[in-house]
Amino acid sequence: DNRQYARQLDLYARLQEVEDESNIRTKSKSKLKGALIDQILAPKLLYYQQWLSSICLKIRLVRNVFNWSESEIAFFVTLALFGSSFIALFIPWAFLLRWTSRVVAWVFLGPWMRLVDAL
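Take my numbering: the last position of the sequence shown gets the number 156, and nothing is skipped along the way.
Hints listed in this document are in silico derivations from the structure and should not be mistaken for laboratory results. Wrong hints could be hidden among the right ones.
The following label-pair restraints were derived from C-beta to C-beta distances [unchecked claim]: (1) Q86 with I128: 23 to 33 Å; (2) I110 with S90: 16 to 26 Å; (3) P129 with N101: 54 to 64 Å; (4) V140 with N104: 20 to 30 Å; (5) L116 with C93: 48 to 58 Å; (6) L156 with I77: 49 to 59 Å; (7) A155 with L78: 54 to 64 Å; (8) L134 with F113: 48 to 58 Å; (9) S106 with W143: 48 to 58 Å.
Quick caveat, the model's predicted, so the values are computed rather than measured. Positions of the beta carbon are idealized from the N, C-alpha and C atoms, including for glycine.
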């Protein structure tokens with residue numbers, strides 16, 4: 038038990054050493070470079086950063102729903118899709134497609150197309 042505790046303490050000490058060595062400093066030594074970024078680029082890039090952040094959040098949510106990490110949302114999406122597919126069984130698709138194609142043909146290829154030919 039003492040050996041295991043000593044080993045954990047040693048590993049923790051090594052981890053702290055690595056963490057201290059890998060500490061990244063982001064402060065710029067040059068005042069001009071920081072002023073350029075703060076005054077000129079930051080206001081212009083803020084809009085794109087916020088836009089990209091919102092897109093990343095949406096992509097992450099969709100990924101979590103597909104992976105069932107967001108199980109409540111995934112359950113209700115699955116339930117809604119099963120429900121809509123059950124309802125779609127009773128829709129007369131042949132009738133709808135036939136009449137939709139007829140209406141589209143009359144709208145775009147009707148008798149008034151002679152006026153387009155005359156122009």
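Hints versus structure:
1. Here the CB-CB span from Q86 to I128 is close to 45 Å, at odds with the stated 23 to 33 Å.
2. Our hint of 16 to 26 Å for I110 and S90 holds, since their Cβ atoms are close to 20 Å apart.
3. The hinted window of 54 to 64 Å between P129 and N101 is violated, with their beta carbons roughly 38 Å apart.
4. At about 42 Å, the CB distance of V140 to N104 disagrees with the hint of 20 to 30 Å.
5. Take L116 and C93: their Cβ atoms lie about 27 Å apart, and the range 48 to 58 Å is violated.
6. L156 and I77 have their C-beta atoms about 53 Å apart, which keeps the hinted 49 to 59 Å range intact.
7. Checking the proposed 54 to 64 Å range against A155 and L78 shows it holds: the Cβ atoms sit about 57 Å from each other.
8. Distance hint check for L134 and F113: the Cβ-Cβ separation is about 30 Å, which falls outside the suggested range of 48 to 58 Å.
9. For S106 paired with W143, a C-beta distance near 50 Å keeps the hint of 48 to 58 Å intact.
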